[in-house]
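Student: Next come the chains, spelled out residue by residue.
Protein chains: 2
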Amino acid sequence: MAESLSVKSKRFLKALNGEAIDRPPFWLMRQAGRYLPEYLAVRATPPDFVAFCLDPEKACAVTLQPIDRFGMDAAILFADILLVPHGLGQRVRFVEGEGPRLDPVTDGAGIDRLTREGFHDKVGAVYETVRLLAKRLPGDVALIGFAGAPWTVATYMVAGQGTSDQKPARLWAYRDPEGFGRLIDLVTEVTIDYLAAQVEAGAEAIQIFDTWAGSLPEAEMRRWVFAPIARIRAALKARFPHVPVIGFAKGIGAMLPELAPATGVEAVGIDAAVPLSFVRDRVQPGAVVQGNLDPLLLVAGGAALERGIDELLSTLGPRRFVFNLGHGVVPETPPDHVAALARRIRSWTP
Amino acid sequence: MAESLSVKSKRFLKALNGEAIDRPPFWLMRQAGRYLPEYLAVRATPPDFVAFCLDPEKACAVTLQPIDRFGMDAAILFADILLVPHGLGQRVRFVEGEGPRLDPVTDGAGIDRLTREGFHDKVGAVYETVRLLAKRLPGDVALIGFAGAPWTVATYMVAGQGTSDQKPARLWAYRDPEGFGRLIDLVTEVTIDYLAAQVEAGAEAIQIFDTWAGSLPEAEMRRWVFAPIARIRAALKARFPHVPVIGFAKGIGAMLPELAPATGVEAVGIDAAVPLSFVRDRVQPGAVVQGNLDPLLLVAGGAALERGIDELLSTLGPRRFVFNLGHGVVPETPPDHVAALARRIRSWTP
Numbered sequence: 001m002a003e004s005l006s007v008k009s010k011r012f013l014k015a016l017n018g019e020a021i022d023r024p025p026f027w028l029m030r031q032a033g034r035y036l037p038e039y040l041a042v043r044a045t046p047p048d049f050v051a052f053c054l055d056p057e058k059a060c061a062v063t064l065q066p067i068d069r070f071g072m073d074a075a076i077l078f079a080d081i082l083l084v085p086h087g088l089g090q091r092v093r094f095v096e097g098e099g100p101r102l103d104p105v106t107d108g109a110g111i112d113r114l115t116r117e118g119f120h121d122k123v124g125a126v127y128e129t130v131r132l133l134a135k136r137l138p139g140d141v142a143l144i145g146f147a148g149a150p151w152t153v154a155t156y157m158v159a160g161q162g163t164s165d166q167k168p169a170r171l172w173a174y175r176d177p178e179g180f181g182r183l184i185d186l187v188t189e190v191t192i193d194y195l196a197a198q199v200e201a202g203a204e205a206i207q208i209f210d211t212w213a214g215s216l217p218e219a220e221m222r223r224w225v226f227a228p229i230a231r232i233r234a235a236l237k238a239r240f241p242h243v244p245v246i247g248f249a250k251g252i253g254a255m256l257p258e259l260a261p262a263t264g265v266e267a268v269g270i271d272a273a274v275p276l277s278f279v280r281d282r283v284q285p286g287a288v289v290q291g292n293l294d295p296l297l298l299v300a301g302g303a304a305l306e307r308g309i310d311e312l313l314s315t316l317g318p319r320r321f322v323f324n325l326g327h328g329v330v331p332e333t334p335p336d337h338v339a340a341l342a343r344r345i346r347s348w349t350p
Numbered sequence: 001m002a003e004s005l006s007v008k009s010k011r012f013l014k015a016l017n018g019e020a021i022d023r024p025p026f027w028l029m030r031q032a033g034r035y036l037p038e039y040l041a042v043r044a045t046p047p048d049f050v051a052f053c054l055d056p057e058k059a060c061a062v063t064l065q066p067i068d069r070f071g072m073d074a075a076i077l078f079a080d081i082l083l084v085p086h087g088l089g090q091r092v093r094f095v096e097g098e099g100p101r102l103d104p105v106t107d108g109a110g111i112d113r114l115t116r117e118g119f120h121d122k123v124g125a126v127y128e129t130v131r132l133l134a135k136r137l138p139g140d141v142a143l144i145g146f147a148g149a150p151w152t153v154a155t156y157m158v159a160g161q162g163t164s165d166q167k168p169a170r171l172w173a174y175r176d177p178e179g180f181g182r183l184i185d186l187v188t189e190v191t192i193d194y195l196a197a198q199v200e201a202g203a204e205a206i207q208i209f210d211t212w213a214g215s216l217p218e219a220e221m222r223r224w225v226f227a228p229i230a231r232i233r234a235a236l237k238a239r240f241p242h243v244p245v246i247g248f249a250k251g252i253g254a255m256l257p258e259l260a261p262a263t264g265v266e267a268v269g270i271d272a273a274v275p276l277s278f279v280r281d282r283v284q285p286g287a288v289v290q291g292n293l294d295p296l297l298l299v300a301g302g303a304a305l306e307r308g309i310d311e312l313l314s315t316l317g318p319r320r321f322v323f324n325l326g327h328g329v330v331p332e333t334p335p336d337h338v339a340a341l342a343r344r345i346r347s348w349t350p
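If you're matching them up, the sequences are chains A and B in order.
Heads up: the first sequence begins at 1 in this note's numbering, then just goes up one per residue.
Heads up: the second sequence begins at 1 in this note's numbering, then just goes up one per residue.
Just so you know, these hints were derived from the structure itself, not from any lab.
Which chain A residues face chain B? A few, computed with CB under 10 Å, are given here: (1) 170; (2) 218; (3) 251; (4) 252; (5) 253; (6) 255; (7) 275; (8) 277; (9) 282; (10) 301; (11) 308; (12) 311; (13) 327; (14) 332.
Positions of the beta carbon are idealized from the N, C-alpha and C atoms, including for glycine.
If we strip away everything but chain A, and leave its shape as in the complex, we get:
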C-alpha cells in the first residue's frame, strides 16, 4: 500500500496518524510567500495573481522554496482559496495593495450564473502543480493539498472582497438561509471534486481553511462551518480512507473542542489566541492538534521566540501535535528567524 509506505517514512503523516515520533513535525502556514526574496523573484511575472497560481512550474517552484531553505516536514501546494469561485465562473482578480475583488454573488440569480461545467478545466493547472510536486519533493516531505471551507469562500463570493465582519454573507444567511444554503451547497460539492482531484494527483493530506469562522454564533457555526466541512470530510473519506484532513477554523475559541467530533477531521488547526492548557485538555484528546505560535513572534525573534517555541513543544508535543503558526507567515518575517525556528524544533528532545 502506497499509504502505509508514506506514513512509515514521513514524520508529518505519522503525527497525523497518532503514531509515536522522535519530535513533532513542522510546517508553517504561508511558508511560501513574500517574506522570501526567492519568492518575490519568481512572483514578478506574470503580474496577475490568479494566472500565477495557475502556472504549474511557478507554483511548484515557490512551493519548494521554503522546503529547500528550511527543511519543513510538509509542503503545502501554492494556490489560493479563491480559485474555487474562479473555477465556478465568478470573475476573480487581485488588486495590488488592496486584495481580492470578485463580482459579488448576492442572490439566487447570481448563484444560477455560476456553473460546475468546465470547473476542472479552469483549475486543472492546480492538479498539474500537485503532480509536479509529488515528483519533485524530497522523499521524507509530505504534500498537503488544500481548499477554503465553503463558509469562508462564500464570504468572499458574496461581499466581492475581504471584509472584517463578513456582513454581507452573514446577513444573507439570516434573511434567507435556504437561498444562502444553495450557495454553500454548490461550493461544498465543487470543493469535494477539487480536493479529490488533488489527492488523485498526489496530495497526501488535506487542510481546509475556515479563516472567517470566528464571527458566527453557535447555531450558524454548526450550519455553515461544521456541516459543510463534515460533508467534505465524509466524501473524501469514502474515496480515500487513508488521507487525513486538518480543519482550521480560525477564531472559534470555545467551540474548538467540537470541531473534530462534529466534522470527522483527524486534526484541528489552532489559532494563536487559544491557551495551550485548553488545547491540551479539551482539544488534543479528540484530535491531533496543529499550531499555534503567534506569527508576530516570528517577526520579533530573539528570546521571546525561543520561549514561545519551547512552551509549545513541551505542552503539546511530542505526539498528536504538528508544530505550526497560529496564522500565516507575515511578509515582515526575517527568513533568519524561520531558520532559527527550524533549528530549534529539530534539536528538541522531549
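With chain A held as given, fit chain B onto it using these hints.
Tutor: Using the frame of chain A, we list chain B on its own:
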C-alpha cells in the same frame, strides 16, 4: 446610602448585584448612534467628532435618545475611547468614512511627549455630560460610564489608526515589553483618574471595552489585558466599593472564564461567537454575564431575531444576566427591530 437606594430601584444595578429580578435588564452597546435619525440630526454639527463628544449638551441629548424611544434599563455615556489619548495630548481626529487617525506613538520618546498634566481639563466636558445625564435620566434607568481598556487604547495610539491585526502594538510588546509596558502603565493610570471622575459625576456602573483583546496569546493576554484591567478594577474598588465594573474583552473565547477571577470585575461582556452553553457553564457561575445577541440579527429581524432573543433569555436569564448585543448596534439596523426587541424582552417571563 445612595448606592442601596439606586440598587433598590434600578433593575440593571440589581442584576449586576446578583439579586433576583422580574426579568433581565437590557441595553445595547452603541445604542446611541447612526441608526437613529434623531442622532444624525444632532450629530450634523459640529463636524469634528472629538468636539462633538466634548459638547455636553449634545452628548447628553444623544445618550438620552434611545432611552426615550425604547426604554432601555441603562444608558451609557456617549463618548469615545480615544478621548483618553486626546486627554494625554496625542492628536486625535476622525476622518469621514475611514475612522480615527492619531499621530502614532512608536517609542519611548513618543511616550515622553504625552502628559497627564491638564488631562481633566481636556476631557472635563465628559464629566459635565455625566452630571447632566445623572439629572435628566428617568429614575429607573442606570447610568454607565466607560473607557477603553489600556490594551485596546494602546493599539490605536501605536498604530495611529484602527488595524485588523493590531500588528504595531503587538510587535512593540514582543520586542520591548518594558518600553511598551510604560505606555500601558500611563494609560492605565490616567484611565483610573478618568473613570473615578465619571463616578464622582454620577456614573453608577463602569464598562471597560477591550475590543482588540482577541488577538493575543495567553501570556500576552494576561500581561496586557487582564493585569491592567485588574489594576483599574482594584483602584476603583478602593474608592467606590459599590460601583460594579463590567469587563468586555471581545474575541477571547476560551479565556473568557478567567476574565472575572483574574481582574475582579463583577460582570463579563460576551461576544456573539461564544456558545451559550459555555457561558452558562463556565462563565456565569463566576460573574454576571452580559450579551450576546449577534448585532446582525437585529438588522435581519423577523423570526430569526425572535428565536435568538428567546434562546438567550431562556438560557442565561433571569438572574446574573444583562441582555445586550455581542457587539455594537450597526448603522443599517432598522429602529423598528430595536423596538420589537425591547417589547419582547419586557414581556418575557421565566
